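Taken in order, these protein sequences are the chains called A and B.
Residue numbers for the first sequence follow numbering that gives the first Met the number 0, beginning at 0 and rising by one.
Residue numbers for the second sequence follow numbering that gives the first Met the number 0, beginning at 0 and rising by one.
Incorrect hints may appear among the rest.
Pairs of lysine-lysine, PhoX-like flavour, derived with a Cα cap of 25 Å [to be verified]: (1) A/LYS69 / A/LYS51; (2) A/LYS40 / A/LYS81; (3) A/LYS31 / B/LYS155; (4) B/LYS265 / B/LYS208; (5) A/LYS25 / A/LYS40; (6) A/LYS31 / A/LYS21; (7) B/LYS374 / B/LYS402; (8) A/LYS40 / B/LYS155; (9) B/LYS155 / A/LYS36.
These are computed hints drawn from the structure, not numbers from a lab.
From a predicted model like this one, the values you see are computed outputs, not experimental measurements.
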Amino acid sequence: MSEFTYLFRGRDTTASPEQMQKTMEKWVAWFKELGAKGHLKDTGHPLEHTGKVVKGKQKIVNDGPYAEAKDVVGGYIVIEAKDLLHAVEISKGCPILEAGGSVEVRPIQTMNM
Amino acid sequence: MVAVLTRIFGVHNLALAEDVVQDAFCRATEVWKYRGVPENPSAWLMTTAKNRALDVLRRERTARTYAPELGRLLQSEWTLAPIVEELFAPNEIKDDLLRMMFSCCHPRLPEEAQVALMLHILCGFSVGEIASAFVSRRAAIEKRITRAKKVLAGSKNLFDVAVAGDFSRRLPAVHRALYLLFNEGYHGASPESAVRVELCREAMRLAAKLLEHPLGATAPTYALAALMCLHAARLPARVDASGNLNSLFDQDRSRWDQELVDDGMKLLELSAKGTALTEYHVEAAIASIHARACRAEDTDWDSIVSLYNTLVELRPSPIVALNRAIAISQKEGPERGLEEIASIADGDRLANYPFYSAALGELEFRLGRHEEAGKHFRSALALARNPMERRFLNHRVGACERKDPYSQSQS
Numbered sequence: 000m001s002e003f004t005y006l007f008r009g010r011d012t013t014a015s016p017e018q019m020q021k022t023m024e025k026w027v028a029w030f031k032e033l034g035a036k037g038h039l040k041d042t043g044h045p046l047e048h049t050g051k052v053v054k055g056k057q058k059i060v061n062d063g064p065y066a067e068a069k070d071v072v073g074g075y076i077v078i079e080a081k082d083l084l085h086a087v088e089i090s091k092g093c094p095i096l097e098a099g100g101s102v103e104v105r106p107i108q109t110m111n112m
Numbered sequence: 000m001v002a003v004l005t006r007i008f009g010v011h012n013l014a015l016a017e018d019v020v021q022d023a024f025c026r027a028t029e030v031w032k033y034r035g036v037p038e039n040p041s042a043w044l045m046t047t048a049k050n051r052a053l054d055v056l057r058r059e060r061t062a063r064t065y066a067p068e069l070g071r072l073l074q075s076e077w078t079l080a081p082i083v084e085e086l087f088a089p090n091e092i093k094d095d096l097l098r099m100m101f102s103c104c105h106p107r108l109p110e111e112a113q114v115a116l117m118l119h120i121l122c123g124f125s126v127g128e129i130a131s132a133f134v135s136r137r138a139a140i141e142k143r144i145t146r147a148k149k150v151l152a153g154s155k156n157l158f159d160v161a162v163a164g165d166f167s168r169r170l171p172a173v174h175r176a177l178y179l180l181f182n183e184g185y186h187g188a189s190p191e192s193a194v195r196v197e198l199c200r201e202a203m204r205l206a207a208k209l210l211e212h213p214l215g216a217t218a219p220t221y222a223l224a225a226l227m228c229l230h231a232a233r234l235p236a237r238v239d240a241s242g243n244l245n246s247l248f249d250q251d252r253s254r255w256d257q258e259l260v261d262d263g264m265k266l267l268e269l270s271a272k273g274t275a276l277t278e279y280h281v282e283a284a285i286a287s288i289h290a291r292a293c294r295a296e297d298t299d300w301d302s303i304v305s306l307y308n309t310l311v312e313l314r315p316s317p318i319v320a321l322n323r324a325i326a327i328s329q330k331e332g333p334e335r336g337l338e339e340i341a342s343i344a345d346g347d348r349l350a351n352y353p354f355y356s357a358a359l360g361e362l363e364f365r366l367g368r369h370e371e372a373g374k375h376f377r378s379a380l381a382l383a384r385n386p387m388e389r390r391f392l393n394h395r396v397g398a399c400e401r402k403d404p405y406s407q408s409q410s
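Okay, chain B solo, but in the shape it has when bound (with noise of 0.2 Å):
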């Protein structure tokens, strides 16, 4: 809504716009409140804040300056009612997505910017939800957006999907939002939930819709959509009917999404073209072996590990570290993983990370030493961010505390 409110009014306009969207939310609880849910509640809510796009439209006709394509057009009853009705259809909307998304890789805005509004405008995070996205304070994510709004509101309009160079110098930054929107909806650290398949599957029909772009169709493109129908592929696996969070080592892999599988290898083939090897290339690569897998112990862990010795020295951060190490321990088992792990550099920044400590605790706990493993899965019960994190944990303290045996399906 945001995304075709700021086509309306105009990228200055970005505020105006998002109070729209918020009042017709506001309106949407009074009303629901007392009539219940309409059968439609995005229809709803779309109507709504149409309607009160034409109010604002034809209270301030003249006060402000919309986007300066829609103009005078904006002005007159002649042509206002049938414009905005003409935007706010759904093929036009989907574009408008791909226009704001582009339009947040503002090229004076640092990348870290560039994600965190694209992240809070289109998707509606929250600065907390985007600060644990990247592992990062508070304070600093809350300055990058005033000042990435400050920067958008300057632009004189929407950014035009039309002109190539623009469009590719954009497109990795629009990589890296999505790959955060998907990696949140996958893992996240929302209060209520770790995993939330509203997040991915928006991440995948964006992704889509940038393949559907001619500019848009690039290897890095087809292999971020390839690791996401991958990862995607395991979620009816990954939560359990009980709503309980399953490690890959514990998933049933049964209930993998064959389709998204084969969707995803497609995806993976069809981004081989070219010579570029990006990160997304790498970690596609890593999904499919795991994909091929039938059983946790016929993974291909040597292969893995290659996988992440690449993928360490394209994209270095503490948390591809992590994994790296974990794949070495299923290589040359725990003792090298913590090894690993103890050389990680930028170490320190994990230490609010739960599956750090649980990843420690993992290992500790399958050479036998209880009491350090029940100590570490403490630790990152305490950091756990939501019931699901903080039942997986639960779990895995009380293995500990029962001195379980360690065996390869149960871990």
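So here's chain A without its partners, still in its complex pose (with noise of 0.2 Å):
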């Protein structure tokens, strides 16, 4: 078993209130899968779009990221699965996918000293 991060992007974050419900809902019920099967490692966080990013040496601080709604990461979660490709499988019943967004799949890199 190995660990892998869901980073997620193209979160509809100007939805009305009753098409967020909707949304939320889908995703209960797709993190109580993920539980129940043995999958959830860390629920992680949904983020807001717009924070700072600060840059360089110089630590230089922006207002961003500015990105197109797509490719802005909105939230995050770690679960735990066999392989990539198992992981990739898993991944395909998130609900952000109907919604027109992607679900990227990054292996923890495990560090050793």
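Got two chains here, each in a separate frame; can you build the complex from them with the hints?
As structure tokens, then:
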């Protein structure tokens, strides 16, 4: 078993409250399923779409990230799966895909000293 | 509210649940002072408690563990709000009450502790009120509740109402708690009022919930529900328009709620299935006999006495013995009633029960012994627990002083 992070993009933050409610219900259902199957490692959080970006040795601070809505990372979770292929399979259940968004599946790098 | 919060926070965080409820009530007193009471106060309280719960869950996201079944769903902003919202939905809350009631009936707790815990957490009874209901001492109840809470906090999760064996094992304790709750509302020891209809309604509502559950619809549950309906049917006459207490002999029976009587009779019939004969069956039967009498004089006291003979064996208690003695006095005369009262085992436990002295007073009054009667009523008056009881007993004291003649319809 290894750990993988899902980075979600394409979250629709302009949806109406009713739409948001329906979407949240789908997420809760998906989370419950992940939990029941033992895949859920870290439930992560949704992220607000704007914040700040701090860059470089000078530590320049800019507003950001400025990117198209579909490119901004809207949130993350960490799951446990046999391998990358398995992790990909599991990610297909994510509600964000129906909404036209995407899931980036990245293995967690185990750093050894 | 405590029930649903305990479901969210987990039974080991019961104290936290109680704190959040307390906070909600505090906020209510602050805000309502300035803005007035909202249209729907309980909804307001629920929403406040829910928001407070969300605050707590966010602030202590990783510091605490919550209900194991909910686990990580409470940690993430993806799921926190929707889950809490879902759990605060009315139909979920109804189940939580049942779950909480059964959770309080922890097998490691003696029955009295289970009931005390339920009355304290679910029904908001104070230690004093519970002590009166049990005809017990405050200090004993205090210890009982503290120990019980510790045991409850040690369990891993809230009772699962789906496990048949556990459910059936715990059902009798739940019955007893509901019975005591109803009793407290029907004829309680609260300093505000002898009759608190809300408590009766609460007990009836919970009993109805039990009946809805497939494992809960047993003969004793039907009997319990029957006796509640039959007693509750008399409430409109029990307390008259001026807020005065009227004894069974004085009530305007036309004010009895006929619908409740009918419901009670139906439930009594349903309770006749099976072979179990519980105290609830007997009490319901007694209540049904009263319900059938259009006037106090028409009451079938013979049957009532024989039912009390059975009840005294099923549930030997000084109060049951007292009620039996009163029934005997109706059937065989006041002198016999006095004999029976004198021979009550454990009679000293009734020393602080005003209606013990009142019964003695009543019987002496019927024998024309006004001075004796007056003494007893005055003792009873000194023990009265609320204005309603005081007015009732004062009235009797007055009758003794005036040496009113006894007539069947006026007692």
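Consistency of the hints with the structure:
Simply put, A/LYS69 and A/LYS51 have alpha-carbon atoms about 18 Å apart, close enough for the 25 Å limit, and the pair holds. At most 25 Å may separate the alpha-carbon atoms for a hinted pair to count; A/LYS40 and A/LYS81 meet this at roughly 13 Å. The hinted pair formed by A/LYS31 and B/LYS155 meets the criterion: a straight-line CA distance of about 20 Å does not exceed 25 Å. A distance of roughly 17 Å separates the Cα atoms of B/LYS265 and B/LYS208; the hinted pair therefore holds under the 25 Å criterion.
For the suggested pair A/LYS25 and A/LYS40, the alpha carbons sit about 19 Å apart, so the restraint of at most 25 Å is met. Taking the CA atoms of A/LYS31 and A/LYS21, the gap is about 16 Å. The hint holds against a cut of 25 Å. Straight-line distance between C-alpha atoms of B/LYS374 and B/LYS402 comes to about 13 Å, which keeps the hinted pair within the 25 Å bound. Restraint check for A/LYS40 and B/LYS155: satisfied, since their Cα atoms lie roughly 22 Å apart, inside the 25 Å limit.
For the hint pairing B/LYS155 with A/LYS36, the CA-to-CA distance comes to about 22 Å; that is within 25 Å, so the pair holds.
Comparing the model with each earlier hint shows no violations; every hint is respected.
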